[in-house]
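Based on these hints, arrange chain B on the given structure of chain A.
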Amino acid sequence: MRNGLDIPESAKKNLIEKRYAPFTFMQQSIDLLDDENWVKWWDGAVSLDTAVAYHLKGDRVGFFHQVGQRVKANSAVPQDVALSHSDAAALGVVSFADFILTPWGEEAEALIRFTHERITPAVILEEAKKISKEIAPLKSLNLAKLFFTQSGS
Amino acid sequence: MSPKRSKEHKRPKEHESYALSKKAFLQLGVVVLGALGVTTLIIAIAGQEVGPKGPEFPGEFDDEGKGGIVPGGEMLQPGDLVSDREVARIVSEYMRSGVDVYPEPTIIESIYYNNMVRNGVNPDLAERRARSTRIANNSNYACSDINQSCQYDSLVGLVAEINEHEFKPGNPEDWIRFVGLRAHESFVLSVAGIEDDGVQENYGVLGTRNIYGEARGFWATNESSVEIDLISPEVYAEGREWGKVNLPLYFYGEAQVRDYYKR
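Just so you know, the sequences run in chain order A and B.
Heads up: the first sequence begins at 1 in my numbering, then just goes up one per residue.
Heads up: the second sequence begins at 154 in my numbering, then just goes up one per residue.
Some hints here could point you the wrong way.
Have a look at the derived ranges for each label pair, beta carbon to beta carbon [said to hold, decoys possible]: (1) A:A73 / B:S297: 38 to 48 Å; (2) A:V39 / B:N363: 51 to 61 Å; (3) A:K129 / B:Q230: 46 to 56 Å.
Over the 10 Å line for every Cβ pair with chain B, so calculated as not near, a few chain A residues [what the hints assert, rightly or not]: (4) G44; (5) K57; (6) V81.
These stretches of chain A come out as covered by chain B in the derived footprint (C-beta under 8 Å, 3 or more residues) [to be verified]: (7) 87-100; (8) 106-117; (9) 122-133.
Worth flagging that the hints you see were computed from the coordinates, not collected in a lab.
No residue lacks a Cβ here, since even glycine has one placed at the ideal position from N, Cα and C.
Looking at chain A on its own, in the form it has when it is part of the complex:
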């Protein structure tokens, strides 16, 4: 860890529980960043360091584009559809949302599909709709609490 504070274990545990108790989903999602399998799969594409670099430059599209490129590179089947830059960014948006919104312990279905099927704009849109309709609302309570518990931006 880069910034860690030397705080008593008991206090740390208590504070982590307090901070994340209303939104355990977010804590678990962040833990995914350290999961060995995911670290290898993403190869840095969604790491904090990568996000910070794009955030610093103000390049949100660039961030999602490289996420999409990584997803495409992980495909187990030949990807013969050349995605435009913006559609590759869309692929990144959908993949990122699937990664962090999929309930803990469940499979990230969009990512699995992207890995095993031809990725086309239509497939990206289909998965986006699915996440928007089926997955995101399930997490909304947690996110709402995060939104209003946190300092604003």
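Here is chain B on its own, set in the frame of chain A:
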């Protein structure tokens, strides 16, 4: 959160026409010149009461301050910029000694500064931002809501404003939560600059997003929505709409906090 004094006036008015005849144009010119004269007189009479007063806002040497928003609250007194390890030592000592959370300049400014520099912000800029921190109460805040801490573009550049509601007595362990909030904010502050003039982001099959307000990093003050929004989705809780949540911003803000908590 956006500042309560928004920059709505900067938005293009898409459905209005301002075609004027020559006569009307001349009449308008007379009116405008007259108004300018009256305004100048008022300014001369009012003296210090009108316009931004640079010297009152330490840090006003930053060329990023284009927003024109007067910072809320009061300037935090300058503290020392120390390492994270020293921050940890101070926080631990306060908790052991039962010191309640208060606006401790060294802790606040050091967390902001250390994270911004680590994230790639120019050290001089990082120091100016850290040194421009405001402490607000419910009568002098510039955030959107009372009891709200936030970060916004202002006359002195990007500033963090901490609301006094965070300083509640009786729970010294809240120092760690307080540190976590500052670390989260450090991510929001970790941008090289602010784009005020509008940005367009193209996400292909998902649509195009137009940013009308200030854009900084993964965050935008105002942006057009798209049909399927997985960047800033609407959030519903208990059947009630709460608003939009910027997923990458909040996710990585929290990831930055994670580093503090885990070690």
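Against the structure, the hints:
1. A:A73 / B:S297: 38 to 48 Å: Since A73 of chain A and S297 of chain B have Cβ atoms about 41 Å apart, the given range 38 to 48 Å holds.
2. A:V39 / B:N363: 51 to 61 Å: violated (35 Å)
3. A:K129 / B:Q230: 46 to 56 Å: The hint (46 to 56 Å, Cβ to Cβ) holds, given that K129 of chain A and Q230 of chain B are roughly 52 Å apart.
4. G44: holds (14 Å)
5. K57: violated (6 Å)
6. V81: holds (12 Å)
7. 87-100: Three-residue rule met by the segment 87-100 of chain A, so holds; n is 9.
8. 106-117: violated (count 0)
9. 122-133: Holds, because 7 residues of the segment 122-133 of chain A bring their Cβ atoms closer than 8 Å to Cβ atoms of chain B.
Hints 2, 5 and 8, counting from the list given before, are not met by this structure.
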